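S.K.: Each chain, letter by letter, is given below.
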Amino acid sequence: MIEIKEVYKSFGALEVLKGINLTVEKGEVLSVIGGSGSGKSTLLTCINGLERINSGKILVDETEVHAKATDLNILRRKIGIVFQQFNAFPHLTVLENVTLAPRKVLGMGKAEAEAIAEKQLSHVGLGDKLSVYPGRLSGGQQQRMSIARALAMSPSYMLFDEVTSALDPQLVGEVLDTLKLLADEGMTMICVTHEMTFARDVSNRVAFFHKGIMAEIAPSQAFFNTPQHPETQAFLSNIR
Amino acid sequence: MFSYTFQWNQALNRLPQMLDGAWVTMQIAVLSMVLGVLFAIMLTGFRLSGNKILSGFATTWIEVARNTPALFQIYMAHFGVASFGLYFSPIASLLIGITFNNAGYLAENFRGALKAIPDTQTRAARSLGMTPIKAFGYVILPQMLRISFLPISNQMVWAVLMTSLGVTVGMNTDLYGVTQDLNALTFRTFELFALAAVIFYVIVKLINFGARLLAARLFRY
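If you read the sequences in order, they're chains H and X. Just so it is clear: in the first sequence, position 148 is 148 by UniProt numbering, and no numbers are missing. Just so it is clear: in the second sequence, position 26 is 26 by UniProt numbering, and no numbers are missing.
To be clear, the hints were calculated from the coordinates, so they are not data collected in a lab. Keep in mind that this is a model prediction, so the values were computed, not measured. Hints may contain errors.
Unchecked claim - Listed below are the simulated DSBU-like cross-link pairs for lysine-lysine, each with C-alpha atoms no more than 35 Å apart in a straight line:
| # | chain 1 | residue 1 | chain 2 | residue 2 |
| --- | --- | --- | --- | --- |
| 1 | H | Lys-119 | X | Lys-134 |
| 2 | H | Lys-78 | X | Lys-115 |
| 3 | X | Lys-115 | H | Lys-211 |
| 4 | X | Lys-52 | H | Lys-68 |
| 5 | X | Lys-205 | H | Lys-5 |
| 6 | H | Lys-78 | X | Lys-134 |
| 7 | X | Lys-52 | H | Lys-78 |
| 8 | H | Lys-57 | X | Lys-205 |
| 9 | X | Lys-52 | H | Lys-104 |
| 10 | X | Lys-134 | H | Lys-68 |
One chain only, chain X, in its complex shape (with noise of 0.2 Å):
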């Protein structure tokens, strides 16, 4: 029969070192989107340079970041370089990870907006003497990034959750990190765990809201 018998102090105890832990959960998500965007818009540039090296590369990096998992990413920046005798702290290992699975991701979303940006933006642009890589920035870069601020902001989401696999590199000062120390102290696996979930489901809803009151700062047309 049912016979366990919960015990939520023991969790709500450890909030205090969790809430730690997610604070450094959050950093990391937020630091790997921000570098993940800058890459995803390098790797969008590499694509339209027309260059067959770069369009190479960015390629690559692509199909690598989106069609394996990322558990794989995160195992080779930790332990899969050191066999050439690189070695990258899990915190670092953990944000390499990411960063290179979110722009992956970003660059293909980058690549369905600027399908949805017609070509005479460019035109017009380059018209007006513009070199290729100011009516990027100035005209298509901005439009693109509105239109794909949803799956920005889905993949922010996805950057918070997939923080939980640096456990797997030595990381232990995240929120998941924490909570499976906790877990090899207490035994109250349940509760630990439950707390946890809970922990990183108001994370991802104030992202969400954060993301919400961004688009109403940034978009006014």
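With the rest of the complex left out, here is chain H (with noise of 0.2 Å):
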């Protein structure tokens, strides 16, 4: 379980986060939603600790995030994030990219580290491309081998940051599509997506953020239907 309570965050005279409180249950698929600068990618990494909190609590199974005795290299290790740029290790091939951190930070075997490589690359569809260097693959293709790489450590939650924006429009099913695979498999997700159909059809919940406010949050049929905050009626309305 997540658990974001009243997080305060701002970079210098800016504040981004103004006060969220946001819990997400095992299991749950939430998908946030909101214009640029609303706040929703900082919320992201400040979850895994990349990102420091000016005040508030972030909890993750019940461990302080930004507490000064957790060991963030440990507490990422069940947090897996994909970004917008697909941040491909150039210089190492697809299958040397998804086992450098199980042999590195879970100090696995190569042998035991490939297998699971190999299973997850598979699994996003990628199976036959492990000797190839990120170069060589299309934007949607390194962005599935990042999603592969997070898989790998053996995730309890998985977050992905407009995962989508930095692609051909028509690369953006695959990867939707991989999210989607995750999502049916049961994987707790917090998708922070411009993707409406997905938010609509794959997540549980949808969250609305509004210069650094979660306007709004609901159910996501109940969401699209029928918005309750004139913000989100206006966000809806002009992406319609």
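Please dock the two separately framed chains into a single complex, following the hints provided.
M.R.: Here you go:
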């Protein structure tokens, strides 16, 4: 369970999160939507401790992320994150990209790590690209590799930060299919996204962020059919 | 009028001795480069550490190495520290001087290379649970070495040529030192130094060729 309690965060004078309260249960798929600069991506990087917070608390399985005593390097093993930029490690093959963390962080042997990596890569449809360098892959393939790389650590939670935003339109589908596959398997996911169809059809709940505040959160059907907050209504009508 | 009679045999007869010197030159250059790269990585780590003392140390090293003559650096390693009772042999002084110089220049090249690697690479590595040192070692360092490969091979050339400064601290077993001694014996100055120049040229060409082979082998992406 991820619990976010009264979280405030600013970059200098700019307040990006203004008192966020949110709980994500095990097995839930939450989509987070909102305009740019609404704070939704920052929230994700606060959850895995890449960003500090100014006040409030974030708990992941009852461990306080920003507590001094928390070893983030250990906590991050159970929180996978995939970014908008694919962040493939260009000097490593697809297989090496995925085996790196299991071997160097979890201390797994080569054979064991490779078995896991091959399984995860076939899972995302890259079973035939193991010895290829990321530079030879399309954006969609690189992004799926990044997903497999995060999954190879067997995380309990997956955070997706606009993972389709940097892709050519015809490549968006293959990445969304991968996310859907994960959702169907019961992975707990928070997806910051601009893909409304995905948010509606795949997620259990949808949250709308506006200027650092979570203006609305509701089960996905209700969210799209009967949005309550005027800003949500305005946002959705602009998209349709 | 021009009445000099070239006596190339005088030089060519000494070729075996000069090639022995060339071998010493190569060894010093290679060793100073290997050490230089290691120290440059250390200095880069110091600069990234965020620790004031470490980064101050690194900055001082780099500033002195890059902004003073290499001759001064080698001199200091021999005669300078001798003032404090520290004695390094000519070859050790030369090695220390060139290594110091190499590390300073390479660290600056590494800084440029680091700027070419997106910050998001470190974020991605840290997100996978890597410590800062592991993220640097497994993700950033290999990319940094690739980006700065050409400047590294350039510095290698420079290291070979800098060995000629060893003669000022009494080095007489390297190519330049051997040539200097032979000149004192024979006075065939032009022939001997022309031959030495050709040998230097060949060494550098060999290094460039080797670097290209190594790059093809190492960087397959």
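S.K.: Compare the structure with each hint and give your call.
M.R.: Each hint, compared with the structure:
no. : hint                     : result
1   : Lys-119/H with Lys-134/X : holds, 25 Å
2   : Lys-78/H with Lys-115/X  : holds, 30 Å
3   : Lys-115/X with Lys-211/H : holds, 32 Å
4   : Lys-52/X with Lys-68/H   : holds, 23 Å
5   : Lys-205/X with Lys-5/H   : violated, 65 Å
6   : Lys-78/H with Lys-134/X  : holds, 18 Å
7   : Lys-52/X with Lys-78/H   : holds, 34 Å
8   : Lys-57/H with Lys-205/X  : violated, 62 Å
9   : Lys-52/X with Lys-104/H  : holds, 29 Å
10  : Lys-134/X with Lys-68/H  : holds, 21 Å
Checked against the numbered hints given earlier, the structure breaks hints 5 and 8 and satisfies all the rest.
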